[in-house]
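S.K.: Read top to bottom, the protein sequences are chains A and B. Counting from 1, position 46 in the first sequence corresponds to residue 46 in the numbering used here; the numbering is continuous, with no gaps. Counting from 1, position 133 in the second sequence corresponds to residue 133 in the numbering used here; the numbering is continuous, with no gaps.
Keep in mind the hints are simulated off the structure, nothing from the lab. We put the beta carbon where it would ideally sit given N, CA and C, even for glycine. Heads up, a few of these hints could be off.
[What the hints assert, rightly or not] With a straight-line cut-off of 25 Å between C-alpha atoms, the simulated SDA-like cross-links for lysine to any residue are:
hint : chain 1 : residue 1 : chain 2 : residue 2
1    : A       : Lys51     : B       : Gly163
2    : A       : Lys344    : B       : Arg160
3    : B       : Lys230    : A       : Gly236
4    : A       : Lys161    : B       : Lys230
5    : A       : Lys137    : B       : Val191
6    : A       : Lys281    : B       : Glu143
[Claimed, not checked] Beyond 12 Å from chain A on every Cβ pair, some chain B residues (computed):
hint : residue
7    : Asn6
8    : Arg45
9    : Gly54
10   : Asp57
11   : Glu60
12   : Gln113
13   : Lys156
14   : Glu180
15   : Ile185
16   : Asp203
17   : Arg206
18   : Met212
19   : Asp213
20   : Asp218
21   : Thr237
[What the hints assert, rightly or not] Examples of chain A residues lying across from chain B (beta carbon under 7 Å, computed):
hint : residue
22   : Ile17
23   : Thr60
24   : Thr61
25   : Ile65
26   : Ile71
27   : Val72
28   : Thr79
29   : Thr132
30   : Gln228
31   : Gln232
32   : Arg270
33   : Gly340
34   : Asn342
So the chains spell out like this:
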Amino acid sequence: MKIDGKKAIWKDYQKEIAEDKFYYVRSCVRQNFFPGSETAFLRIMRDILKKDVFEHPCHTTCTGIGYHSDIVPVETTMTVVARQFALMTESGYENLMPSCITSFGLYTEILDTWHHFPEVEEKIRKQLRKATGREFKSPKNLAHASDVIYKFRKEISAKAKYKLVNKNTGEPLKVVDHIGCHYAKMFPSKGVGGAEYPYVLAGMVEEWGGQVIDYPERRHCCGFGFRQYLVQANRGFSIACSKEKFESMKPFKPDMIITNCPGCPMFLDRWQYVINEMEGKTYGADGEGIPVFTYEEVAGLMLGFDPWDLGLQMHQTDCEPVLEKIGIEYDPAAKYVINGVNTKTNAKAYLTVN
Amino acid sequence: MQELKNYHEMLMQDIRFEEGLNACMNCGVCTAICPAAEFYNYDPRQIVDIVQTGDNDEIEKLMKSDVIWYCGECMSCKTRCPRGNAPGLVIMALRGLSQDLGFFVESEKGRQQLALKRTVGQWILTHGYCLYLEGVGTAMHPEQGPVWDWIQANWKELFRRLGANYQGDGPGILRKIPEEAMDEIRRIFDVTGGTARFEKIEDASRKKAREMDMAFDDGIDNEYFRHIYKTNNNSHTRQK
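In isolation and in its complexed conformation, chain A is listed as follows:
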């Protein structure tokens, strides 16, 4: 496949990403499933890149999953978001950096709505005042946390201990980049590379030595679908979407998947396990699963963070094949050790995809 033209197009889509002084808002999904990723992100931002990142203890969910499950009305969500803006304003920050893609999409949508309908913004300001007495300024810059890692990908590369390269063959690892739908599908101009050729993860992969795979269902949703996963009766939709992606990427022999949305890596990880249980199928080489990572985990691995500090033991599809290919030094026996105690002596029981 000729990709020179696509590379040229990618270069045309850039967005403004702040340089420093970030106001960080956490992700409900990432906190529950990938706590090590948010920890690693702040370690990279503060300790390695020396950036000022502030987090307010009183910020809450943006209600995004409730909003997209349609139990939370739009004005309620807008007012909760306005409260997040107010906490940022009171803290003296202007550059909003959400961890979550659903939040990022929601903030983008709300700012766009307020731009087109100033009377709606005015109404929300009144409601926020009535409920909390707070006032707010809209963010000067809104960048997802993956945008910020993308912006500083070269600085990370300069300090990296490892590359996305197979140590035995010297070949770049083949990487599937999976972008969360709400990153750029709603507002393509707000994402690096737009909706068609999003470059936010591809840029990291290429800078860190890997090769991005272009495959037919590259832009297909992972299958979260909010209510389509959250209610047990609907989960067939969710697994069917992920399966469609796995079937489509398999012929390209991916070594790993990198994601920027908090939910997608969980689904792409867990549905591989379920498909294996149901049909005995695997999608990686040699009967293994395809390890799925958050971008924070990949950045952390490149920088030499311990895989178990990153929380890779919380994945259902084992990460070890990628650690071995890159040649990352790690202690396999420490995977389930917490506070010096091996919490799972029969660790093999969890290697369900191998």
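We have chain A; now place chain B onto it with these hints.
M.R.: Only chain B this time, still in chain A's reference frame:
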């Protein structure tokens, strides 16, 4: 005599309807790209067409049907529409009105809103998070697999080992959100219609449970909840 309602006008009150629907030319690109249309008996083009005709009876039928609950709100349709429409936003407006009018309990998929309210909605109002998964095990989520059993068994120690400020004061992962912040969130829900929406979901569901002769209480372990959470009559998907 029942008051006549103009549903199209009611939908127009929702900012997402105004944003999401200019004149649709029915090209069907939204249906071509839609993941839900691949899986379910679902055609967003048709829904937008019905809604823009303003046919009151047909819109009421939609709001009482399973069809409006198939969308996954990925918003792939928004990227592709040559007119800049967003059928996904039209769906959100229809779902909102269906709940406000109590129509959602008339379909299997619509009735699931109670399950979402009592899980995600409850977590928002009690913890300040959309998900708060300590204690939510593989009985409700078997797909989470054996690793999730291990995570649940070691939740507090594992989260702290990974840098979380679990249930702690101050910032951090799964911190305890201060009570004054939770009070603000609950007041926002009261002032902006969030609490009213939750009450409508509860009231209509309670009536429906009675009509269906099913046991109903405030929790997630009663006959009606289990029914709406697990039932799939297998008529929803495309047959390949």
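S.K.: Does each hint hold? Answer for all of them.
M.R.: Here's how the hints hold up against the structure:
1. A:Lys51 x B:Gly163: This hinted pair holds, its Cα atoms lying about 19 Å apart.
2. A:Lys344 x B:Arg160: holds, 17 Å
3. B:Lys230 x A:Gly236: holds, 12 Å
4. A:Lys161 x B:Lys230: violated, 48 Å
5. A:Lys137 x B:Val191: Given that 25 Å is the threshold and the Cα spacing comes to 21 Å, the pair holds.
6. A:Lys281 x B:Glu143: OK: A:Lys281 and B:Glu143 at ~15 Å, within 25 Å.
7. Asn6: holds, 20 Å
8. Arg45: holds, 18 Å
9. Gly54: holds, 22 Å
10. Asp57: holds, 23 Å
11. Glu60: Given a closest Cβ separation of 18 Å, the condition holds.
12. Gln113: At about 6 Å from chain A, B:Gln113 fails to clear the 12 Å cut-off, so the statement is violated.
13. Lys156: For B:Lys156, whose nearest Cβ neighbour in chain A is about 10 Å away, the distance does not exceed 12 Å, so it is violated.
14. Glu180: Answer for B:Glu180: violated, closest chain A Cβ roughly 8 Å.
15. Ile185: violated, 6 Å
16. Asp203: holds, 14 Å
17. Arg206: The claim holds: B:Arg206 sits with its nearest Cβ about 16 Å from chain A, beyond 12 Å.
18. Met212: holds, 16 Å
19. Asp213: At about 20 Å from chain A, B:Asp213 clears the 12 Å cut-off, so the statement holds.
20. Asp218: Correct as stated: the minimum Cβ-Cβ distance to chain A is 16 Å, above 12 Å.
21. Thr237: violated, 7 Å
22. Ile17: violated, 21 Å
23. Thr60: holds, 4 Å
24. Thr61: With a closest approach of 5 Å, the A:Thr61 hint holds.
25. Ile65: Status holds, d = 4 Å.
26. Ile71: For A:Ile71, the interface hint holds, since the closest Cβ of chain B sits about 5 Å away, which is under 7 Å.
27. Val72: With Cβ-Cβ at 6 Å, under 7 Å, it holds.
28. Thr79: holds, 5 Å
29. Thr132: holds, 5 Å
30. Gln228: Since the shortest Cβ distance to chain B is 5 Å, the answer is holds.
31. Gln232: Hint holds; A:Gln232 Cβ to chain B Cβ min 5 Å, cut 7 Å.
32. Arg270: Holds, about 5 Å.
33. Gly340: Status violated, d = 10 Å.
34. Asn342: Check failed: Cβ of A:Asn342 comes no nearer than 11 Å to chain B, outside 7 Å.
Checked against the numbered hints listed earlier, the structure breaks hints 4, 12, 13, 14, 15, 21, 22, 33 and 34; every other hint is satisfied.
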